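Start from the sequences and build out the full structure, keeping to the hints where you can.
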Amino acid sequence: MAREENDYAPLKLHVPEPPVRPGDTPTFDKFVVPEAGSVRKPPIDTDFDQIRDLGFDIIRVLDDEGKAVGPWAEDISDDQLEAGLRAMMRTRAFDERMLKAQRQGKTSFYIQCTGEEAIATGHQMALAQGDMNFPTYRQQGLLIAQDWPVTKMMNQIYSNEQDELRGRQLPVLYSFKEAGFFTVSGNLSTQYIQAVGWAMASAIKGDTKVASAWIGDGATAEGDFHTALVFASVYKPPVILNVVDNQWAISSFHGIAGAESSTFAERAHGYGLPSLRVDGNDWVAVYAASLWAIERARRGHGPTMIEWVTYRAGAHSTSDDPSKYRPKTEHEAWPLGDPIKRMKQHLIAKDLWSEERHTQAEAQYADEMREAAIEAESHGTLHDGPGPSAAEMFEQVYKDVPPHLRRQRQKMGI
Amino acid sequence: MFDDKPETTRMNMIQAIRDAQDVMLGKDDNVVVYGQDVGYFGGVFRCTEGLQAKYGTQRVFDAPISESGIVGSAIGMGAYGLRPCVEVQFADYMFPAYDQITQEAARLRYRSNGQFTAPLVIRMPTGGGIFGGQTHSQSPESLFTHVSGLKTVIPSNPYDAKGLLIASIEDDDPVIFLEPKRLYNGPFDGHHDKPVVPWSKHPKGEVPTGHYTVPLGKADIVREGKDVTILAYGTMVFVAETAATETGIDAEIIDLRSLLPLDIETIVESVRKTGRCVIVHEATLTSGFGAELSAQVQEECFYHLEAPVMRVAGWDTPYPHAQEWHYFPGPARVGEALKSVMEAI
Ligand SMILES: Cc1ncc(C[n+]2csc(CCOP(=O)(O)OP(=O)(O)O)c2C)c(N)n1
Ligand SMILES: [Mg+2]
Chain A
1 MAREENDYAP LKLHVPEPPV RPGDTPTFDK FVVPEAGSVR KPPIDTDFDQ IRDLGFDIIR
61 VLDDEGKAVG PWAEDISDDQ LEAGLRAMMR TRAFDERMLK AQRQGKTSFY IQCTGEEAIA
121 TGHQMALAQG DMNFPTYRQQ GLLIAQDWPV TKMMNQIYSN EQDELRGRQL PVLYSFKEAG
181 FFTVSGNLST QYIQAVGWAM ASAIKGDTKV ASAWIGDGAT AEGDFHTALV FASVYKPPVI
241 LNVVDNQWAI SSFHGIAGAE SSTFAERAHG YGLPSLRVDG NDWVAVYAAS LWAIERARRG
301 HGPTMIEWVT YRAGAHSTSD DPSKYRPKTE HEAWPLGDPI KRMKQHLIAK DLWSEERHTQ
361 AEAQYADEMR EAAIEAESHG TLHDGPGPSA AEMFEQVYKD VPPHLRRQRQ KMGI
Chain B
1 MFDDKPETTR MNMIQAIRDA QDVMLGKDDN VVVYGQDVGY FGGVFRCTEG LQAKYGTQRV
61 FDAPISESGI VGSAIGMGAY GLRPCVEVQF ADYMFPAYDQ ITQEAARLRY RSNGQFTAPL
121 VIRMPTGGGI FGGQTHSQSP ESLFTHVSGL KTVIPSNPYD AKGLLIASIE DDDPVIFLEP
181 KRLYNGPFDG HHDKPVVPWS KHPKGEVPTG HYTVPLGKAD IVREGKDVTI LAYGTMVFVA
241 ETAATETGID AEIIDLRSLL PLDIETIVES VRKTGRCVIV HEATLTSGFG AELSAQVQEE
301 CFYHLEAPVM RVAGWDTPYP HAQEWHYFPG PARVGEALKS VMEAI
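Keeping their order, the protein sequence lines are chains A and B.
Sequential numbering from 1 applies to the first sequence in this note's numbering.
Sequential numbering from 1 applies to the second sequence in this note's numbering.
In short, the hints are calculated from the structure, not lab data.
A hint or two may mislead.
[Stated by the list, open to error] Computed spacing ranges between beta-carbons, pair by pair: (1) A:Lys324 <-> B:Ser200: 21 to 29 Å; (2) A:Lys30 <-> B:Asp193: 49 to 57 Å; (3) B:Thr286 <-> A:Ala391: 15 to 23 Å; (4) B:Thr286 <-> A:Pro42: 53 to 61 Å; (5) A:Arg21 <-> B:Arg223: 33 to 41 Å; (6) B:Asp172 <-> A:Lys324: 19 to 27 Å; (7) A:Gly413 <-> B:Pro261: 15 to 23 Å; (8) B:Gln115 <-> A:Lys205: 28 to 36 Å.
Just so you know, these numbers come straight off a predicted model, no measurement behind them.
Ideal Cβ positions, reconstructed from N, Cα and C, are used throughout, including at glycine.
Written out as structure tokens, the structure reads:
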């Protein structure tokens, strides 16, 4: 027997909406910014249920004056701090050059990471040789922070004669095994679980290599994200589960990925996994939190999820126009500021940097990227100059080109 | 098909697809529209622009980035009695939903003996030609036609797109609605170095306002001819027309419009007349829909054939980025096949 209905009011579907839309005044008044230095730093072998609070708070090191405060202000050498700033500046200069190249028709597509430079650069500097990133399309900073030759990246973007991927892959979906940079898929979330598998292999083989998995806020809705957490929870392999919450997934604000109801870091708790929530625009916090989680993994204490709180300051990609769905100046209202400006302020406060050196460095990196682009362009651009041959399209489908593909290649007349 | 002599408007394919959803949202309270970026923004290809403003967030809304979630929830809504018309942002991204599509939507009716059905439409942009690389270019139609319980539709122009989409939403079975993205703005003929004529200058860009249907399972003879029958759909319809013009071969071109149900009668009648058949699709060759067409033509027309049935298709490789136009089966490759079947006497 079922109960009979009576006087219930009609239900309504809850469809999350961002607080503002184009034409409104940007605001983040619901976003609570904890004070820098206020979050504790437990030892790396602490049990996850002793550190649940770290999935709600935001670890921040740089305060409003640019001072590094609190327990997460690691002993970072002056050289390293400067290298961090320089890596971010080079990443931004690289993006600017490649955006320009795309607008000039030298390639089909580009994705920038403006406003998120601290995350990939800081994280990379905490990893070791032999570790493997499973990046998304927005982690170019992982390569630039290790001084990976930018011309190699540009050659891929131009699909030119020197492109190591032989023109087969969409621009920015790099693959650089030597750099610990796994081949990037265009299909979201698929690589999150692959990173867990890679880390399981490291444990099976008795190695101490760490995998670092990357995903955006939007893509956490995919099943593979949750599958990865289950496997990470079951096997406790040395993997870092990065979630970059840049507030937007193309036109959908992070509420469409469930952020109204919980933080992303909190979701790890349901699987018994520890998590940190970190100011992603604070390079020092990024470096310190990464180091903590990586060390934890490498010493056999298992996976950590890190939610990087940041803001996608640019368009989703060169195919996107964000003014159609969010206020044009929203990025200026973002309470965690710009990562380069904050790091610059920190270095100046420490007497390691100056406005003049900053201006000088900006010019230097603009030059570096211009020259690298000229060099790459001398090997061709997508529609102009030499490129991978059409015949190469048939290679690497299998280890050896099978007879039916050989026949098709012959039919093409090459 | 028409209630009265219709008024018409000029539309491109995006506007026609949007208009079909608009008509159905207005006509049937049970129609809901959702998908990634579909709500406020109106879809990355703008196919739902303005619909949320007109019908509200209870009928048109954004979905999380979970294709299995989008299709799975649509099945639940369909079982409740709604008629969801959902978007998968690119056909390349339907794979997380493949389980829900093939094992669930396709079989709800069968396994419950008709107690539960999934009257949903899953729209997805398909095909290449936009330098989208391997994950914005694929043509997975044969992965649907191979599954019992699904209908698979692929329009080639605004008129058909609107009429077929309305028919699909009204259909009581799950329909996969593939939208050739290279045709959204104009009838692309494979000559990538030439500008595309916009739909505003093409007769099929003249679209009736209001409700009409193009029935599923009815092919369209878009060019009459006596020498050879070309079977094509989506983008390849215009490539085939161009190949016929350029070779001067008197080809009869059939736009299949719906792959399942398939209008085999129209195909057989044409091939029996011409005695030759060339099948063209952008998807990879091996186990592509062309193999099914070729088999059926052979079974029905064997004694009328003057030449082997030929297929022109994408090469059996992932869709490359830089080599896109070497991969794409353009008018030259179709023309060669036409010449070869004409020589085979
Ligand atoms: C399986 C799959 N579905 C949809 C897409 C289309 N798509 C590409 S990027 C993107 C938004 C991703 O947002 P988020 O995960 O937040 O990462 P962000 O772009 O913000 O870095 C979408 C929907 C895709 N690439 N793969
Ligand atoms: Mg995002």
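In this structure, is the beta-carbon distance linking glutamine 115 of chain B and lysine 205 of chain A contained in 28 to 36 Å? violated, 52 Å
Between lysine 324 of chain A and serine 200 of chain B, does the C-beta distance stay in 21 to 29 Å? Taking Cβ atoms as reference, lysine 324 of chain A and serine 200 of chain B lie about 23 Å apart, which means the hint holds.
Regarding lysine 30 of chain A and aspartate 193 of chain B, is the given constraint of 49 to 57 Å on their beta-carbon distance met? Once the Cβ atoms are compared, 52 Å apart, the range 49 to 57 Å for aspartate 193 of chain B and lysine 30 of chain A holds.
Take the C-beta atom of threonine 286 of chain B and the C-beta atom of alanine 391 of chain A, compute their distance, and say whether it sits inside 15 to 23 Å. holds, 19 Å
Between the beta carbons of arginine 21 of chain A and arginine 223 of chain B, is the distance compatible with 33 to 41 Å? violated, 48 Å
Can you let me know if the beta-carbon spacing of threonine 286 of chain B and proline 42 of chain A is within 53 to 61 Å? holds, 56 Å
Proline 261 of chain B and glycine 413 of chain A - C-beta distance against the hinted 15 to 23 Å: violated, 38 Å
Within 19 to 27 Å: is that where the Cβ-Cβ distance between aspartate 172 of chain B and lysine 324 of chain A falls? For lysine 324 of chain A against aspartate 172 of chain B, whose Cβ atoms are near 36 Å apart, the range 19 to 27 Å is violated.
Figure legend: structure checked against the earlier numbered hints; hints not met, in rising order: 5, 6, 7, 8.
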